[in-house]
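Based on the provided sequences and hints, a complete structural model is requested.
So you can see what is in the structure, the chains are spelled out below.
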Amino acid sequence: MPVAAEPPPIQIRDLHKRFGDLEVLKGIDFEVGSGEVVCVIGPSGSGKSTLLRCVNRLEEPTSGTILIEGTDITDPNADVDLLRTRIGMVFQHFNLFPHLTVLGNLTIAQRKVLRRSRKEAEEVARRNLERVGLSDKIDQYPNHLSGGQQQRVAIARALSMEPEMMLFDEPTSALDPELIGEVLDVMRKLAEEGMTMMVVTHEMGFAREVADRVVFMDAGVVVEEGTPMDVLANPKHERTRRFLSMIL
Amino acid sequence: MGLYAVLVAAGIAAAFFADWPRIRRIFFQTEIARDMFPEVLTRFAVNTLVYTFAAFVFGLVLALILALMRLSPVGPYRWIATTYVELFRSVPALVTILLVNYGVPLAFGTRIPGGLFGIAAVGLGMVAAAYMAETIRAGIEAVPRGQSEAARSLGMRPSQAMFSIILPQAFRIIIPPLTNEFVLLIKDTSLLFVVGTTPLTRELTKFSRDVMQENSNATPMVIAALIYLVITLPLTFLVRRLEKRGARGR
Numbered sequence: 001m002p003v004a005a006e007p008p009p010i011q012i013r014d015l016h017k018r019f020g021d022l023e024v025l026k027g028i029d030f031e032v033g034s035g036e037v038v039c040v041i042g043p044s045g046s047g048k049s050t051l052l053r054c055v056n057r058l059e060e061p062t063s064g065t066i067l068i069e070g071t072d073i074t075d076p077n078a079d080v081d082l083l084r085t086r087i088g089m090v091f092q093h094f095n096l097f098p099h100l101t102v103l104g105n106l107t108i109a110q111r112k113v114l115r116r117s118r119k120e121a122e123e124v125a126r127r128n129l130e131r132v133g134l135s136d137k138i139d140q141y142p143n144h145l146s147g148g149q150q151q152r153v154a155i156a157r158a159l160s161m162e163p164e165m166m167l168f169d170e171p172t173s174a175l176d177p178e179l180i181g182e183v184l185d186v187m188r189k190l191a192e193e194g195m196t197m198m199v200v201t202h203e204m205g206f207a208r209e210v211a212d213r214v215v216f217m218d219a220g221v222v223v224e225e226g227t228p229m230d231v232l233a234n235p236k237h238e239r240t241r242r243f244l245s246m247i248l
Numbered sequence: 001m002g003l004y005a006v007l008v009a010a011g012i013a014a015a016f017f018a019d020w021p022r023i024r025r026i027f028f029q030t031e032i033a034r035d036m037f038p039e040v041l042t043r044f045a046v047n048t049l050v051y052t053f054a055a056f057v058f059g060l061v062l063a064l065i066l067a068l069m070r071l072s073p074v075g076p077y078r079w080i081a082t083t084y085v086e087l088f089r090s091v092p093a094l095v096t097i098l099l100v101n102y103g104v105p106l107a108f109g110t111r112i113p114g115g116l117f118g119i120a121a122v123g124l125g126m127v128a129a130a131y132m133a134e135t136i137r138a139g140i141e142a143v144p145r146g147q148s149e150a151a152r153s154l155g156m157r158p159s160q161a162m163f164s165i166i167l168p169q170a171f172r173i174i175i176p177p178l179t180n181e182f183v184l185l186i187k188d189t190s191l192l193f194v195v196g197t198t199p200l201t202r203e204l205t206k207f208s209r210d211v212m213q214e215n216s217n218a219t220p221m222v223i224a225a226l227i228y229l230v231i232t233l234p235l236t237f238l239v240r241r242l243e244k245r246g247a248r249g250r
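As they're listed, the protein sequences go chains A and B.
Counting with the numbering used here, you get residues 1 to 248 for the letters of the first sequence.
Counting with the numbering used here, you get residues 1 to 250 for the letters of the second sequence.
Take these hints with a grain of salt, some might be off.
Restraint-style ranges between C-beta atoms, simulated for each label pair [what the hints assert, rightly or not]:
| hint | chain 1 | residue 1 | chain 2 | residue 2 | range |
| --- | --- | --- | --- | --- | --- |
| 1 | A | Gly20 | B | Arg89 | 26 to 36 Å |
| 2 | B | Arg240 | A | Arg13 | 53 to 63 Å |
| 3 | B | Pro73 | A | Ala78 | 16 to 26 Å |
| 4 | A | Leu22 | B | Arg240 | 43 to 53 Å |
| 5 | A | Asp29 | B | Arg240 | 53 to 63 Å |
Where chain A lies over chain B, by a calculated footprint (3+ residues, C-beta under 8 Å) [unchecked claim]:
| hint | segment |
| --- | --- |
| 6 | 12-22 |
| 7 | 149-155 |
Derived by calculation from the structure, the hints in this document are not laboratory data.
Positions of the beta carbon are idealized from the N, C-alpha and C atoms, including for glycine.
Given below as structure tokens:
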């Protein structure tokens, strides 16, 4: 029986991005399906973070289309602010708001953007703080938390907007090695709950274990993609092989 | 050693050749000093502080607007703000006060409301705004880029990100230079005499000068100087402590 197919959460066609003379993305076609976890790997400077940042238009694409649940967000009339409430984002350097407590970090956008009441926003915040296992830190300021705890708070902050998909921009790259596990655990749980996730990462263990699909990028193009098994264990391309041999 | 010799020689010379009783009479006459109290504190020091606050608040609001204009993506806003800042940093505060006091009624057919209070707010505030605008802009630019990216990624509009996320952090950074600006304003209120004052609206310097001229004695100015010192010294100490704490926190 043919069912009216839901458009995929993220669909990118022929995306180009240049910074001056430098073309960082050279025609990317890319898709993330509903509930899918896609890990984007590749050497630094390959354009993977730029690709991720184009999805919620923190970077303006130079050309090409980005469809979020079927809506073209590269349209100049697109409501970018509304779009961003549906896409959670987690940064390499956490970017928590240092002048607000953990609770304040989790409620401010709910209140200002979603216009939720204080009571409702705090309930949502508590629930999401519990998901990342940091209920006891609710009244702390970010600089009193470890890097791993800060990143978990940042994830809870993004989740408090109740987004339909999450973007992770090297979420563990700024962490001490012993703190990486706790963040990956939270992300793994999120994936198991069915969250649609696009993750730029260097954590090959996480990619192998959690990703539905791995995309290898180099020099602004997608070199190869497939199941973690295909890309990480049996890479077809020489460039992929060279990259993996360097980091494993 | 030679330097100490000069010091000792100067000390001896001062002790022997200066007319100490006369110096004491002119600068430190207790009866004249006593007569100034308590009004010098309860009215005239208070006036000075009121004018300072008026100028500071007006200046701060104007400075915030100017700083946001300087960071605006819209060219004309930037040009207007830059012109304003350069202009009012180059013109003596005295000139601005006179322009505001005499020019505004002539040009607009109405005086600035609030009398000297209004003149202080607008005249001194306009000058202070030029300096504070640069301070605020620097503060805004000192907040890491990731902060506004995080705010925008949560769906905040640029103005929401600015007022809820960026400015609270920027102001924390610029409290020391803003306090310095406040101290400068306290002293600049002494310029307000040029627009004419009534006995009750005088600030510290004008009042002391009047007493000085009545008595042909400099003691009132010494009292004024001491009161300025008492008001500003704690503030400058506070700035130094805040700056040290800021340097440590970073």
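Now the hints, each set against the structure:
1. Gly20/A - Arg89/B: 26 to 36 Å: Holds, at about 34 Å.
2. Arg240/B - Arg13/A: 53 to 63 Å: 59 Å, holds
3. Pro73/B - Ala78/A: 16 to 26 Å: 19 Å, holds
4. Leu22/A - Arg240/B: 43 to 53 Å: 46 Å, holds
5. Asp29/A - Arg240/B: 53 to 63 Å: 59 Å, holds
6. 12-22: Since 0 is below three, the answer is violated.
7. 149-155: holds (count 7)
Violated hints amount to a single one, hint 6; each of the other numbered hints is respected by the structure.
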